Amino acid sequence: LKREIKKIISAVWVGIICLVFSSRLSTMKAASICPNDQTGCHLLPLANLFDRVIQHSARMHGISDDLHSEFELYFLPSKNQIGRVSRNCHTSTILTPNGKENAQRIAREELAEIILKLLVAWRDPLWHFHQSMSQHDEFTNFSSNKSLEMSDMVHELRKGVLKVVEKMQMLGIISNSVGDTGSPEALLTSDSAEWRFMKDYDLLYCFRRDSNKIQNYLKILKCRIVPKHGC
Amino acid sequence: MRKAEGGILLRLLLLFMLHATGTSYSPPGKPTLTRCRSPEKETFTCWWEPGSDGGLPTKYALYYRKENSDKVFECPDYRTAGENSCFFNKNDTSVWVNYNITVVATNALGRTFSDPVDIDVVYIVKPNPPENLALTVLWDQTWPYLHVSWESPQKADTRSGWITLIYELRIKLEDEDEWEEHPAGQQKTFNIFSLCSGGKYLVQVRCKPDHGFWSEWSSSQYVKVPEYFNREKSMWVLAVIFSAFALFIITWLIHMNCHNLKQCILPSVPGPKIKGFDEQLLKDGKSMDAFSSLVGANFPPTTTNYEDLLVEYLEVFVPEERELMLEETKELHNDSLKFENSTSDCDSGRGSCDSHTLLIDKSEEEKGQQPDQQSSEIKMDGKGQDEEDKYLTCSPENVDSHQLSSEKVKTWPSSFSPLPEYSPIPLQQPNSHETSKQPCLSDSLFAAGPLPSHFPHLGHNTKDEIGSSYWQFGISNKQLHLLHQQMEAHQQLQAHKNASVSNIGHLQLPSVRFTEYVEVQRVSDQNMVILHPVPSHPETSYPDWHQTEEYSKVKCVDNDNGLLLLQREGVEEGMDMCSYEELPESDPSKTTNTTFTSPCSQPAPSVQDERVVGGYVETSVFTLPTY
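Protein chains in written order, with the UniProt record's numbering: chain A, 1 to 231; chain B, 1 to 627.
Mimicking BS3-like on lysine-lysine, the simulated pairs with C-alpha atoms at most 25 Å apart in a straight line are:
id: 1; chain 1: B; residue 1: K208; chain 2: A; residue 2: K228
id: 2; chain 1: B; residue 1: K59; chain 2: B; residue 2: K3
id: 3; chain 1: A; residue 1: K228; chain 2: B; residue 2: K188
Rather than coming from a laboratory, the hints here were simulated on the basis of the structure.
All of these numbers come straight from a predicted model, not from anything done at the bench.
With the rest of the complex left out, here is chain B (with noise of 0.2 Å):
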């Protein structure tokens, strides 16, 4: 009673001090439990965390209830531990057994409790960092690497199996700030290898229980490593070096052959051919004129071989009723019309293919075949010239071979009849005379150098034959054989002749509405063509030009070896009969280079004449062989 009464009367008077000072008090604030631990599964301490002692001096207290039972112990040991905890020997601690720790604050004004905590020693094991780290460097043939042992914290007992601990160890060099870490398991030593040539390292572990808290890291263990040649690393860096330089070499390869592998790689795409199709022409805005080639010349392509195309003809437009006789004269030298390849020899600059030739020949066959074509037949009248029959057989390829009887000169259909015109036409004669085409070029160039200089003398014979046609040289190849016979290989006449062929087709493109056909009815001895026109064919002639044009003389020769030839005005209908001469045998290069060489400002002397025979000639044809 007189203790309680002094206590209670201490407190007031202590309260009233206070009161008297002017300060506030209050009860103790709550403390809190902060943890528990257990370096070894033996022992633990709990430590707290102070409330607020209220301004009074404040005393703390651990009580703990074991598990299942009522009662209550306090902390044996506040002072072991150090401020504000409370450490548990070994007597004290039971394991397995579940702890129920409060935590009391006591100061003159109250009491406060903590929150009680549940803690069982096994689930708060955290054991001191292990010990006796040593590091050291030993040498697996020429490459060092580190070995690191350690022993368990003392107090932990892992010999007698009471505590498994697992440890854990991490390595950096001086400098770095990053760690590298390795889990060792149960094992007291670890290797490291691939250190760095003379680096300063620092090795730290810590332990762990299976079941509980990492401990803290030991304290850093130093070692360096010595100075070794780490020849791995040299080689890396040589195959680095050796590979940087192959690349190098290849792309400098790439980079010289930049153009050929592109070539390779990436082939150029072929620009768009289309055989006979004059871009200069669409491009001079004479569209109708370049695509018409390709419906006409060049549509269907049947064939690709070019001495189809080589075809040196002649057209021309003759008059119904002249047709019908020319027919009938046609069919009285079938025979002269014959090919004679034997005797034809076509080469380039010989004489075999004489003067007295004229331009392309039509088959038989081919006539027959195809009489809607426009087939140009120049046909000498042969009336009664069978036996002077000279011919010469000159075929441009597929194109019969040129006969010239001396009756009969049959040319080539032009525009109106283009290419197609002449694959159909068979190949009467056998390969031998492929090689007699080319002369034949030189034949008819041949026979077309005599002729303007005797156009006064056909339109003479032939003045009342015609309605005008044209008259289409497919001269050019011709011309420039004249010109350059002497020398020509077949090469190059082929490749004149391809490109005059070429040209040809150009050149039929203007003149396609305006051919017409004349009939070479004969060649004179002096070299002269008598012309006759020939019914054009319905479908592709106009046959309103049967009416209105005439055939013309020769006006001149002009520089570019093109036939001028002047148109005839008026209509005429039939034809007389002209007088049917041989063409001489001479030197047909010599008056066709004569005759070309000159230039038109030598015209014809029949100029004034000019109800002549003859078709309208297109100039242009003359003027293309400009290749």
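For reference, chain A alone in the conformation it holds in the complex (with noise of 0.2 Å):
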């Protein structure tokens, strides 16, 4: 008898939290963001998006900034080398704006592309680098977890990226041809083979500049869409 009163109090508990549970979860619901249809106000999930993006974005290129320092203090690759033909850099076929007007002048949705463009190109390279780094003795754990944290990094920014343009494509600032999956697939299999005869340091000056460039058309994207919002 005590052991069905128990079961009877546990279910009447349950009843309870979930009646509680359920209450609040449908207030969450039928309240939202913008109760009156403010200007702007519409646009501040997605502002918020941006922010959280570009933070990731500074983050990604925070390691990778901390990861070249520590490679030229061991490297140290040769200053005095004139005409080295080195760095180059397998998403140089990847044409991006270097001035701040050139980034002003195009599209939207070509400034978008592009981040995706470079943020796909990098995804295997990273992982790989990852790879060779680990198996060198000569790095530290700190290093490895770094290069592990960078490649994870890009993904996830892909991703980040690709939920904000679809965003975007859903408010109508943009238009539906950003974000094909179909094109950076393509890309990704052209430039497959390049950067594998780049060396480490290289590829690591090449990624620390290109999640500079990352970081920067997303500010230069957010400002452009949601200028009131911390710009």
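Make one complex out of these two single chains by using the hints.
Written out as structure tokens, the structure reads:
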């Protein structure tokens, strides 16, 4: 009899808790972020999305910067070489604006697409970079963790940017031409060979720059699309 | 060709001329690129440091190469940025492109290349300081605070998101040297609280791009904070004063009650006290005596009941034959020896404990129990005196009540049978007789009183009775009682008793070795105590003494109410059966008083007769009651 009573009591508790939560959830659903249709209010979630993505890219760039300076300490590539051919980043085929005016001049969709291209282009090289780093004994655990984090972040950032683009497309800010899953894949296959010949240090150098580009482009994009939210 | 020839000729001429003047010339020293900076990530400037010019006019040129291109360009603008600088305008600046820059110094004698430098514009951004720094004093209820606002440098384009700047401001009072720095993030306003009332502040602000260099500090802005009442501060001041005051009071209280607190916190350690231990003896040097009292009288301490220690006793030594006789007599008078508590009324000052009572009586049981103890029994030879039984039952605590029968008086053993003796003696009497104990003092005192005067008689009677023995009076207290018998309260008596008891203990010490016991055979009607020697216990007595010592007579009573007895010479065995006389029931106080107060100048009449019954009396016993 005691057992039955306990069961009943626990069931009652569970029921109460469920009721409470469901009521809460329902209230949450009912409320919207923009009760009134104020100007720009409906863009708030987009601005938040942008902020998050930008933060993510900033972090990614920070890690790459750290790794690069670490590499410089240990490897010290000779700077006295005049006319070295080095640093032909595999992403140089992607045309990117090299100045403010250029960046502001191109279309939003194009900018978004450039960002995505860059992110896709670095997915595999970073993974292999991490692999090679973990194999070498001279790298500390800290560095190998960073490289792993870096390669993960590229994945995450791409997903985040895709989400932003999706949101923008939903809101009608940009056309639907962006974010075709097909084109990044095509790009990837064509460039697959080049980065394998790059040295680790050059790889880091290129990625450091590209992550900076990504961050900057995202900022420009944000301030073009949602200028009133922190620009 | 001509140009080249002309150039060579010119150079040669130059050299010749220079050589003719006598100075030395050399190719220029190596220039160095000191830094390159971009204020807004759209243009940048490079500065170099020239080396030695070699004494000749030297020209400097900057060449650069862009990434992955072998094309060499020269600096487009040498002037805009000043001396030894190269300015790259927007058209020539490419971000995220690696520039390889070299400076060349040229003079008549040669060229020198500087070390090449790789730069990327993104990483050399150093913005201009923020502009339009504004300070305002605003009020939050009653407290002012400083509202600082500024704007980003004009050239840096933060609006388009091309550059992201983070700011930092610093503030200090005009007189101070140390700045107080506050990072402000990306915001362009800042609030500073906790201002000094009436203070003059300086504020500066600077900025930095997310990957770049800090700008210079902006020019200082001044602000004066108006006077205001700092409630918080005054509250703190009050609190401090109050607590200081409270502390002061507490300290003063502690100081006043220093002593009490000391007692409370650090109570005085009680000094060691050993019952029966006389430090004075130790100081006097009689260490053996001091310690022996511990061993004997006070160890093991069986009871703290001081009444146990109230022992009035008389130790008498009787030789063995005598004891046998006494035993006989004792048995005869067993009845009389019983405690008759009811009949005794041992109130101090009352006459119930009459003069015929003698000193301490030891119970029969006690005697039976501890035959080995030195129980001095002063027994009255109770021949045919049954009908005249008068006895006093006086019992100090744990000591059997004094029985004074007409025929037998028992005294309490003293030194040889020290305190432990007392305790085992069962208190035969009910508590009602505890009160009677005190009067027993008086009784004993009474008893003691008449004794001296009658010693000669005793001596006569008991001439051949005894080996000498000590006759000890535990009389000190008794004597006192005699003196003050009229007024003593019980407690006083008790006190005296207690004191005397301890004294008794002391008393006994010196005489331990020497005590022997006499047995009071009877108390004569003239308040005379007839003593018979009692054979002392072989363990505690010195057999030798039996042989050698004899009873003595009381010589006198000295000033200290001591009985001075003369030692008898020679050995006398056997005792005559003395004639027993009853002690008259006179007022013992009178007699005793008179007796005791008389100085020793009044000797006993029978001084001459030294062959007196009695033992050697330790005079120190009598002199003890000096409390």
